[in-house]
Amino acid sequence: MKFFYISIESNPNGIYEIHDRNCLSLPPVEKREYIGHYQHAKEALKKAIHFNPNASLCPQCCQRGSKSVFQATDQSLEK
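The numbering used here numbers the first residue of the sequence shown as 4 and each following residue consecutively.
Wrong hints could be hidden among the right ones.
Unchecked claim - Calculated lysine-lysine pairs in the DSS-like style (CA-CA distance at most 30 Å, straight line):
#, residue 1, residue 2
1, 49, 5
2, 49, 34
3, 5, 45
4, 45, 34
What the hints assert, rightly or not - Quick list of simulated restraints, FRET-style, between CB atoms:
#, residue 1, residue 2, range
5, 42, 17, 16 to 22 Å
6, 15, 40, 16 to 22 Å
7, 15, 42, 29 to 35 Å
8, 45, 14, 26 to 32 Å
9, 4, 53, 16 to 22 Å
In short, the hints are calculated from the structure, not lab data.
Ideal Cβ positions, reconstructed from N, Cα and C, are used throughout, including at glycine.
Between the sequences and the hints, there should be enough to build the whole structure, so can you do that?
Dropping the structure here:
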């Protein structure tokens, strides 16, 4: 299992990136929130999307071998 965090500051595109604890781009402790420990990054994204619809996976640590990016829409949050 990996430990995941979300940045509390958005990137220039307004996205709040999710990182695993070993990511070189992990924000300092005062600029991140703990999401939880999960087997896969997509599980962390599902949780983060509920409290921050602009959450996305870090391209460096969470999207290895995956090109897809899930972002919430108003409809997906209603389900």
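Do the hints match the structure? See the list:
{"no.": "1", "hint": "49 / 5", "verdict": "15 Å, holds"}
{"no.": "2", "hint": "49 / 34", "verdict": "21 Å, holds"}
{"no.": "3", "hint": "5 / 45", "verdict": "12 Å, holds"}
{"no.": "4", "hint": "45 / 34", "verdict": "21 Å, holds"}
{"no.": "5", "hint": "42 / 17: 16 to 22 Å", "verdict": "28 Å, violated"}
{"no.": "6", "hint": "15 / 40: 16 to 22 Å", "verdict": "29 Å, violated"}
{"no.": "7", "hint": "15 / 42: 29 to 35 Å", "verdict": "31 Å, holds"}
{"no.": "8", "hint": "45 / 14: 26 to 32 Å", "verdict": "19 Å, violated"}
{"no.": "9", "hint": "4 / 53: 16 to 22 Å", "verdict": "20 Å, holds"}
Checked against the numbered hints given earlier, this structure breaks hints 5, 6, 8; the rest are met.
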